[in-house]
Amino acid sequence: MKTLLEMSGVSVSFDGFKAINNLSFRIGEPELRAIIGPNGAGKTTFMDIITGKTRPDEGTVIYGEKSISLLKMSESQIAMAGVGRKFQKPTVFEAQTVRENLAMALKNKRGPFDVLLYRKTKRGAERIEELAEIIGLTDALPRVAGELSHGQKQWLEIGMLLAQDPRLLLVDEPAAGMTPAEREHTTDLLKRAAKKHAVVVVEHDMEFIRRLDCRVTVLCEGSVLAEGSLDHVTSNPQVIEVYLGR
Amino acid sequence: MTRTFLTQNRSVFWFLLALGIFALIVTVLSDAAGNGMISTSFVKTLGKTLCLMLVAVAMDVVWGYTGILSLGHMAFFGLGGYMIGMWLMYARTEIIVTESLLAAAIPPTPQEIHDAIGTQIFGVVGSSEFPAIWIFAHSFWLQIAMVVLVPGLLALVFGWLAFRSRVTGVYLSILTQAMTLALSLYLFQNESGLRGNNGLSGLQNLPGLDDVPQATLSIAFFWASATALGLGYVLFAWVTSGKFGSVIRGIRDNESRVRFLGYHVEGYKLFVFTLTGIVAGIAGALYYPQAGIINPNEIAPIASIYLAVWVAIGGRGRLYGAALGAAFVSLLSSWFTSGAVPSVPLGFYTIQWTDWWLVLLGVSFVAVTLLAPKGIGGLFDLISTRHPTPARVGDFGPDTGARRTAEGEEEK
Ligand SMILES: Nc1ncnc2c1ncn2[C@@H]1O[C@H](COP(=O)(O)OP(=O)(O)O)[C@@H](O)[C@H]1O
Ligand SMILES: [Mg+2]
Numbered sequence: 001m002k003t004l005l006e007m008s009g010v011s012v013s014f015d016g017f018k019a020i021n022n023l024s025f026r027i028g029e030p031e032l033r034a035i036i037g038p039n040g041a042g043k044t045t046f047m048d049i050i051t052g053k054t055r056p057d058e059g060t061v062i063y064g065e066k067s068i069s070l071l072k073m074s075e076s077q078i079a080m081a082g083v084g085r086k087f088q089k090p091t092v093f094e095a096q097t098v099r100e101n102l103a104m105a106l107k108n109k110r111g112p113f114d115v116l117l118y119r120k121t122k123r124g125a126e127r128i129e130e131l132a133e134i135i136g137l138t139d140a141l142p143r144v145a146g147e148l149s150h151g152q153k154q155w156l157e158i159g160m161l162l163a164q165d166p167r168l169l170l171v172d173e174p175a176a177g178m179t180p181a182e183r184e185h186t187t188d189l190l191k192r193a194a195k196k197h198a199v200v201v202v203e204h205d206m207e208f209i210r211r212l213d214c215r216v217t218v219l220c221e222g223s224v225l226a227e228g229s230l231d232h233v234t235s236n237p238q239v240i241e242v243y244l245g246r
Numbered sequence: 001m002t003r004t005f006l007t008q009n010r011s012v013f014w015f016l017l018a019l020g021i022f023a024l025i026v027t028v029l030s031d032a033a034g035n036g037m038i039s040t041s042f043v044k045t046l047g048k049t050l051c052l053m054l055v056a057v058a059m060d061v062v063w064g065y066t067g068i069l070s071l072g073h074m075a076f077f078g079l080g081g082y083m084i085g086m087w088l089m090y091a092r093t094e095i096i097v098t099e100s101l102l103a104a105a106i107p108p109t110p111q112e113i114h115d116a117i118g119t120q121i122f123g124v125v126g127s128s129e130f131p132a133i134w135i136f137a138h139s140f141w142l143q144i145a146m147v148v149l150v151p152g153l154l155a156l157v158f159g160w161l162a163f164r165s166r167v168t169g170v171y172l173s174i175l176t177q178a179m180t181l182a183l184s185l186y187l188f189q190n191e192s193g194l195r196g197n198n199g200l201s202g203l204q205n206l207p208g209l210d211d212v213p214q215a216t217l218s219i220a221f222f223w224a225s226a227t228a229l230g231l232g233y234v235l236f237a238w239v240t241s242g243k244f245g246s247v248i249r250g251i252r253d254n255e256s257r258v259r260f261l262g263y264h265v266e267g268y269k270l271f272v273f274t275l276t277g278i279v280a281g282i283a284g285a286l287y288y289p290q291a292g293i294i295n296p297n298e299i300a301p302i303a304s305i306y307l308a309v310w311v312a313i314g315g316r317g318r319l320y321g322a323a324l325g326a327a328f329v330s331l332l333s334s335w336f337t338s339g340a341v342p343s344v345p346l347g348f349y350t351i352q353w354t355d356w357w358l359v360l361l362g363v364s365f366v367a368v369t370l371l372a373p374k375g376i377g378g379l380f381d382l383i384s385t386r387h388p389t390p391a392r393v394g395d396f397g398p399d400t401g402a403r404r405t406a407e408g409e410e411e412k
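Residue numbers (my numbering), protein chains in the order written: chain Z, 1 to 246; chain V, 1 to 412.
Take the hints with a grain of salt, since some may be wrong.
As the list claims (entries may be wrong) - Okay, the calculated bits of chain V under chain Z, using three or more residues with CB under 8 Å as the criterion:
(1) 234-248
(2) 253-261
(3) 265-274
Said to hold, decoys possible - Taking lysine to aspartate or glutamate pairs in the EDC-like style, the calculated list, with each CA pair at most 16 Å apart, reads:
(4) Z/K53 <-> V/E255
(5) Z/K89 <-> Z/D114
(6) Z/K195 <-> Z/D165
(7) Z/K191 <-> Z/D213
(8) V/K243 <-> Z/D114
As the list claims (entries may be wrong) - Output of the computed footprint for chain V on chain Z, the stretches with three or more beta carbons under 8 Å from beta carbons of chain V:
(9) 65-76
(10) 185-193
Derived from the structure by calculation, the hints contain no laboratory data.
The model shown is predicted, which means the values in this text are computed figures rather than measured ones.
Beta carbons are placed, not taken as given, at the ideal position from N, Cα and C, and that holds for glycine.
Please model the entire structure based on the sequences and the hints provided.
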């Protein structure tokens, strides 16, 4: 398993408050990794740093075989390099149909002229059908995304993530608003994606994490508190104190 | 592709049909080609209105579709007018000067003719030298190229600077106002090389076409404007449909999300800003020969604000709404400001519409924004069902070999 992303010594502060504190993290490809931690631990900020939304005050983020630094790249360049993200709060394009949402995310050339001259292909249409099947939104394809339920929007967002065919999938709280059956389906999806790619999942739900059956990183106050199997970290007294004990 | 494009965008078909019928009716009723029910000056007003509709459609693409409230697009419109005006003035003055110099005993040299043209054009600003920016004015084709290049380049450079530093929202609007204000203030100066506040005039007289009556010219320009509007409409309908339209509407609604999908948002904004700037320039180049005169007032910040008001009243986010809004408000405006509308005596006060028209416009703008955000275009939702029933419900045939509904959907 070769390293896909390596973050070291990263710190970020917002108005003097250290949201990320000398954080180091690495993930291989393929690998599935769960991140847990109390609210405000910096899990979302961690993803913001990788995707270029937040620039760290110090530290390095190295990605890929060529060890390129993500810190010098714009959000869209990072996305094009193969980093895909599902946001904590589902943010789909509500005024557009499910099909348009998926089509926009589909892995294709992204330049203005490429998109202007883009012609619908049979392969693209098939891929959209296939994704819709996976996320259970086949019947909703022509519907406007704003009409979907919260859970369906979560699914659509996951579908958009898969459509980009990224190498590194950052999945922020996917299970919120889902039924137990849907959660199970989501874990299956993520595990399948992690056979080929690197997948980082942030989640609160312990059942969900247990089902992922992977290495777990515990974040607290912006740095790594413990790392290892779920049983290993949950038996760590510090972890019990800050997170599980409450 | 054209067929699917037209079936997908029914409004394009109806718009072109309506525009064609309108143009034919105006022609039949005009002085030049018909029974003269419509005066030549009104044909010019209608032709100018078509140009305003074109720039409004462009504005709708920038604002209604991409979410960039540009309050500077009339600067590009004005620049287009200036560029064509330079050639019109030069070429016409050239003819006049050559004729008068021919009477002299010694035939004039080209340099003498050139100097005489300079004296004629720049006498009003106390100069006779040709400024450097007039270098192409002698050539129709070069100056036509300027109509596209100058507004396009300004839009490109301004947009690049503004979008690159991620200026958005109100700040961007203010920046565009500053741009158009700076440009108009610059042009007001005599040293700007475009005759200061005199502007360029006599543009209605086409060089070498003195024998052609204005009635005929007005119809020719009317048709040119209608053609430009039709082509512009098709162009923008194409740009805003399909995947590109999807991306720019995405930028309007949530630009950072579009970024995280890997799209270079600034590039898209720049593309839209520049393309619409160029179309605005072309619209201006057709407008000002019909207006006859252009001066820096035309580029004043208020002009671009009016443009936004037309689009808002017409209903942004749909091209025909913007076009209708521009036509409706600008025609109404010229009617009210012409003094033809009877005053309303209230006993204690008489409402003079020439004074009160702006108040009425302002109130309508606020009312439309608050009460009917879809604007005039929204009226069309009343006559056509908003969610049209699909052409076919269910699969296309009974057995599994038949085309499935999904395939039909994909083709639509
Ligand atoms: N843009 C921001 N500005 C100021 N504070 C922020 C910002 N983003 C996150 N924070 C703060 O950083 C801390 C970590 O937030 P976050 O990463 O969202 O936590 P988590 O996702 O683990 O719940 C929180 O205290 C939050 O208030
Ligand atoms: Mg979070």
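Status of each hint after checking the structure:
Counting residues of the region 234-248 of chain V whose C-beta sits closer than 8 Å to any C-beta of chain Z gives 6, which meets the bar of three, so the coverage hint holds. Under the rule that three or more residues need a Cβ within less than 8 Å of chain Z, the assignment of the region 253-261 of chain V holds, with 8 such residues. Coverage of the region 265-274 of chain V by chain Z holds in this model, with 4 residues showing a Cβ closer than 8 Å to a Cβ of that chain against a need of three. With a C-alpha separation of about 12 Å, the suggested pairing of Z/K53 with V/E255 holds against the 16 Å cut-off.
At most 16 Å may separate the alpha-carbon atoms for a hinted pair to count; Z/K89 and Z/D114 exceed this at roughly 30 Å. Of the supplied pair hints, the one linking Z/K195 and Z/D165 holds, its CA atoms being roughly 13 Å apart against a limit of 16 Å. A hinted pair counts as satisfied when its Cα atoms are at most 16 Å apart, and Z/K191 with Z/D213 qualifies at roughly 9 Å. Between V/K243 and Z/D114, the direct Cα distance comes to roughly 10 Å. Compliance with the 16 Å bound is thereby established for this hinted pair.
Residues of the region 65-76 of chain Z lying with their CB closer than 8 Å to a CB of chain V number 3, which satisfies the three-residue condition for coverage. Only residues whose beta carbon comes within less than 8 Å of a beta carbon in chain V count, and the region 185-193 of chain Z has 0; fewer than three means the coverage is violated.
Consistency with the previously given hints fails for numbers 5 and 10, ordered from lowest to highest.
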